[in-house]
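Participant: Work out the full structure: start from the sequences and follow the hints.
2 protein chains.
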Amino acid sequence: MMQYVTGVKEERSCSIAELIEGTKTGEVVINGAVHVIRDMADFMFVILRRWDGLIQCVLDPEHMPSFDHHLLKEGMTVNVKGELRKEARAPHGFELVLTDVQILSSPAKDSSMPIPIGKWKLNTSLETKLSLRPISLRNIRERAIFKIQEGLVRGFRDFLYGEHFTEIHTPKIVAGNAEGGANVFKMEYFGKRAFLAQSPQFYKQMMVGVYDRVFETAPVFRAEKHNTTRHLNEYTSLDFEMGYIESFYDIMEMETAMLAYVFKRLETEYKEQIELLGITLPDVAKIPYVRFDEAKQLVSQKYNRPMRNPYDLEPEEEVLIGQYFKEECGSDFVFVTHYPSKKRPFYAMDDPEDKKFTLSFDLLFKGMEITTGGQRIHSYEEQVEKMEKRGMDISDFSNYLMIHKHGMPPHGGLGIGLERLTMRLLDEANVRETTLFPRDVTRLEP
Amino acid sequence: MMQYVTGVKEERSCSIAELIEGTKTGEVVINGAVHVIRDMADFMFVILRRWDGLIQCVLDPEHMPSFDHHLLKEGMTVNVKGELRKEARAPHGFELVLTDVQILSSPAKDSSMPIPIGKWKLNTSLETKLSLRPISLRNIRERAIFKIQEGLVRGFRDFLYGEHFTEIHTPKIVAGNAEGGANVFKMEYFGKRAFLAQSPQFYKQMMVGVYDRVFETAPVFRAEKHNTTRHLNEYTSLDFEMGYIESFYDIMEMETAMLAYVFKRLETEYKEQIELLGITLPDVAKIPYVRFDEAKQLVSQKYNRPMRNPYDLEPEEEVLIGQYFKEECGSDFVFVTHYPSKKRPFYAMDDPEDKKFTLSFDLLFKGMEITTGGQRIHSYEEQVEKMEKRGMDISDFSNYLMIHKHGMPPHGGLGIGLERLTMRLLDEANVRETTLFPRDVTRLEP
Numbered sequence: 004m005m006q007y008v009t010g011v012k013e014e015r016s017c018s019i020a021e022l023i024e025g026t027k028t029g030e031v032v033i034n035g036a037v038h039v040i041r042d043m044a045d046f047m048f049v050i051l052r053r054w055d056g057l058i059q060c061v062l063d064p065e066h067m068p069s070f071d072h073h074l075l076k077e078g079m080t081v082n083v084k085g086e087l088r089k090e091a092r093a094p095h096g097f098e099l100v101l102t103d104v105q106i107l108s109s110p111a112k113d114s115s116m117p118i119p120i121g122k123w124k125l126n127t128s129l130e131t132k133l134s135l136r137p138i139s140l141r142n143i144r145e146r147a148i149f150k151i152q153e154g155l156v157r158g159f160r161d162f163l164y165g166e167h168f169t170e171i172h173t174p175k176i177v178a179g180n181a182e183g184g185a186n187v188f189k190m191e192y193f194g195k196r197a198f199l200a201q202s203p204q205f206y207k208q209m210m211v212g213v214y215d216r217v218f219e220t221a222p223v224f225r226a227e228k229h230n231t232t233r234h235l236n237e238y239t240s241l242d243f244e245m246g247y248i249e250s251f252y253d254i255m256e257m258e259t260a261m262l263a264y265v266f267k268r269l270e271t272e273y274k275e276q277i278e279l280l281g282i283t284l285p286d287v288a289k290i291p292y293v294r295f296d297e298a299k300q301l302v303s304q305k306y307n308r309p310m311r312n313p314y315d316l317e318p319e320e321e322v323l324i325g326q327y328f329k330e331e332c333g334s335d336f337v338f339v340t341h342y343p344s345k346k347r348p349f350y351a352m353d354d355p356e357d358k359k360f361t362l363s364f365d366l367l368f369k370g371m372e373i374t375t376g377g378q379r380i381h382s383y384e385e386q387v388e389k390m391e392k393r394g395m396d397i398s399d400f401s402n403y404l405m406i407h408k409h410g411m412p413p414h415g416g417l418g419i420g421l422e423r424l425t426m427r428l429l430d431e432a433n434v435r436e437t438t439l440f441p442r443d444v445t446r447l448e449p
Numbered sequence: 004m005m006q007y008v009t010g011v012k013e014e015r016s017c018s019i020a021e022l023i024e025g026t027k028t029g030e031v032v033i034n035g036a037v038h039v040i041r042d043m044a045d046f047m048f049v050i051l052r053r054w055d056g057l058i059q060c061v062l063d064p065e066h067m068p069s070f071d072h073h074l075l076k077e078g079m080t081v082n083v084k085g086e087l088r089k090e091a092r093a094p095h096g097f098e099l100v101l102t103d104v105q106i107l108s109s110p111a112k113d114s115s116m117p118i119p120i121g122k123w124k125l126n127t128s129l130e131t132k133l134s135l136r137p138i139s140l141r142n143i144r145e146r147a148i149f150k151i152q153e154g155l156v157r158g159f160r161d162f163l164y165g166e167h168f169t170e171i172h173t174p175k176i177v178a179g180n181a182e183g184g185a186n187v188f189k190m191e192y193f194g195k196r197a198f199l200a201q202s203p204q205f206y207k208q209m210m211v212g213v214y215d216r217v218f219e220t221a222p223v224f225r226a227e228k229h230n231t232t233r234h235l236n237e238y239t240s241l242d243f244e245m246g247y248i249e250s251f252y253d254i255m256e257m258e259t260a261m262l263a264y265v266f267k268r269l270e271t272e273y274k275e276q277i278e279l280l281g282i283t284l285p286d287v288a289k290i291p292y293v294r295f296d297e298a299k300q301l302v303s304q305k306y307n308r309p310m311r312n313p314y315d316l317e318p319e320e321e322v323l324i325g326q327y328f329k330e331e332c333g334s335d336f337v338f339v340t341h342y343p344s345k346k347r348p349f350y351a352m353d354d355p356e357d358k359k360f361t362l363s364f365d366l367l368f369k370g371m372e373i374t375t376g377g378q379r380i381h382s383y384e385e386q387v388e389k390m391e392k393r394g395m396d397i398s399d400f401s402n403y404l405m406i407h408k409h410g411m412p413p414h415g416g417l418g419i420g421l422e423r424l425t426m427r428l429l430d431e432a433n434v435r436e437t438t439l440f441p442r443d444v445t446r447l448e449p
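For the protein sequence lines, the chains are W and B, in the order given. Per the numbering used here, the first sequence starts with residue 4, numbered consecutively. Per the numbering used here, the second sequence starts with residue 4, numbered consecutively.
In case anyone wonders, no lab produced these hints; they're calculated from the structure. Worth double-checking, as some hints may not be accurate.
Treat identical chains as interchangeable: a pair holds within one or across any two.
What the hints assert, rightly or not - List of simulated lysine-lysine pairs, DSSO-like, C-alpha gap at most 30 Å:
no. : residue 1 : residue 2
1   : LYS359    : LYS228
2   : LYS189    : LYS228
3   : LYS195    : LYS228
4   : LYS346    : LYS329
5   : LYS289    : LYS76
Treat the numbers as computed from the prediction; the structure is a model and nothing was measured.
Facilitator: Written out as structure tokens, the structure is:
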């Protein structure tokens, strides 16, 4: 006798959305975690936590003589029955008067919550929050941060699908070191030396030769030794790369349209979290752009700041550039273009009008770099010449140079740090606040 | 004077879809890569490759006296103008009679294509294809494989969003070793020992305590030393985990409905690739299931095969189980349930009716495991007891056990190997065929 499964089974629980819509009346059955218990002497408030919000339940022991209400404990999960009742002071304007409680699971005996997750704001240090991440994320505001983050990634992808980009999955264990420099994690790979990918750079360029336009949303790894409020050793990179560009401004236009789409998606589909966190969505109908050298000049003049290194942008200068364009044209974003060639990787295309600079850009969001992008060299001869000038051994890059050798369209792209984008959107002071399980020089757990 | 970018710029090229629809008539402008040149003495066929297909162009030197057609070379990218003309023998039934050609980029001087990517099927060995991956993927059939793969991931995500799962991004550099065993890559992390995540297991369970239902599509790493046709050392894992389950069959139901949704999406939105690759989409309206011990018995009887180890399923047995359910009920899929406890990780929930077995399953697709899943232990005491029985030091797992200690709903989930799923769908004999840039014991490049 054959037995079959046939598809999704309805959960034995309604959603909070259904309750808010008012389509459910009378008796309601719902699953949830016991988020907070408030003993009011005659009765108890039991706040249940669901994926889509909280619901206030009223447990009156007299109505449920067969249930020993002393058994109930925060951290339990339950399946409850109850009658909906209007109550202006409850979340969403109603509460559930319980008629039945089934305990589905219990926390450890003698355990108690290590932090008061039921509070509106967790008044604990970042360190404590991170060390207790699996529990602190159960706080409603904490988890809303990462729901917003979901919306950012989802919007990024859906926009790009619509612009006929193809999604790719490229390897994270690699033989070479795309971005150069020392900040690369090494590992042993079956007797060979290997690295963790600092970016999908080589692979996304290879795939432009295949699909014209590609993107990837995946982890990248940077062995940076400095522990700052804006660096992580592992983060999620939103990368795209596009062929047949006429100039690197095409990439900036694509990013501008993408951001507009993403914020629109947040506004409509993540309304609850936007309100819960009090986020003001930025206006990205248009984004100003300015040359690197001009930007340095502008802020030096306006804010009376001496310029130290003409080829470098210090974090404080980024902040001032952000401030300048906020003040001068009300924009939270500004593209800084034409970064110095010596500060950009070997694959960056130099500006034919002044080879000291590149056809590249960063996007600053409220004074912090969240994107690096630009046009890449597509000519084999030009690429080899630039590598040789830098003293690189081109035989180390034969797999990469295969694409230049056999033809690439003019192309470019960018990478966005997801956690930083979230951080600026939420006006957080530390990127760890918007990283689910941060990895830094001292933190490898949880 | 402020300068702004305002959003997406239209590409100076129409798409092949627009040409097929017939909305474009008269003069057409299109970008593309020179895929194949066929010199016909009086004129040339120039096949251009675009993200959405090929287009046959006719270059008659007499019509373009100002363009030296000898300059044209495979691997170039061009922007062409031309007049559309019906031609039954051309792809899609039309060709483009060129009136202008602008060369956008050129391959290296003196280079020639290392493999004939213009052929319908690449008659080269898998090794050669993989070594030349950046170029061999430009073949129309090769690239269609990874477009199908995009559809699988996209469908997986969109289905789960619809079932109120939340997408998460969990760290790949980890302190512990979720799946146990020796097949884990080690690395040094700022003076500490770290590992590459074999699965997001611990993290997705943690996040069930936060969002009830979560998923992730991300790379995982297995240091398996055996080089087989079905193992990779890095692959893309489609993971989900769900709380408030009533039994582990809920997870199987969710997967069945997900697969039905995904194949439907492929049928409608990836029609071109389905036809190009000649894929027959399997019927997943219902999927049979069978206990591990019964399955072994059934194939042993039907195919006269002695059972060797009652606690293990050999690859040949998987093939026979697949064959059995294909023959007996026409299904390409079968869930094998109740795997022996000793073959499953420490977090697997034992069957209360017989603790030698677990409430777990594999999904076989055409006789190969593509999914492993099951219910997890949610009780702190039960989990600690099982770990201690296995001689594990629970102090190594304090971050993980935090969730059990402070309460978890009954829950479970699964992981799907994306490349294997693609492999079985396409009836490929080697998983490397359906991996963009495979990593195995001997291959670390490209």
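Participant: Which of the numbered hints are not met once you compare them with the structure shown?
Facilitator: Number 5 - this is the single hint that the structure violates.
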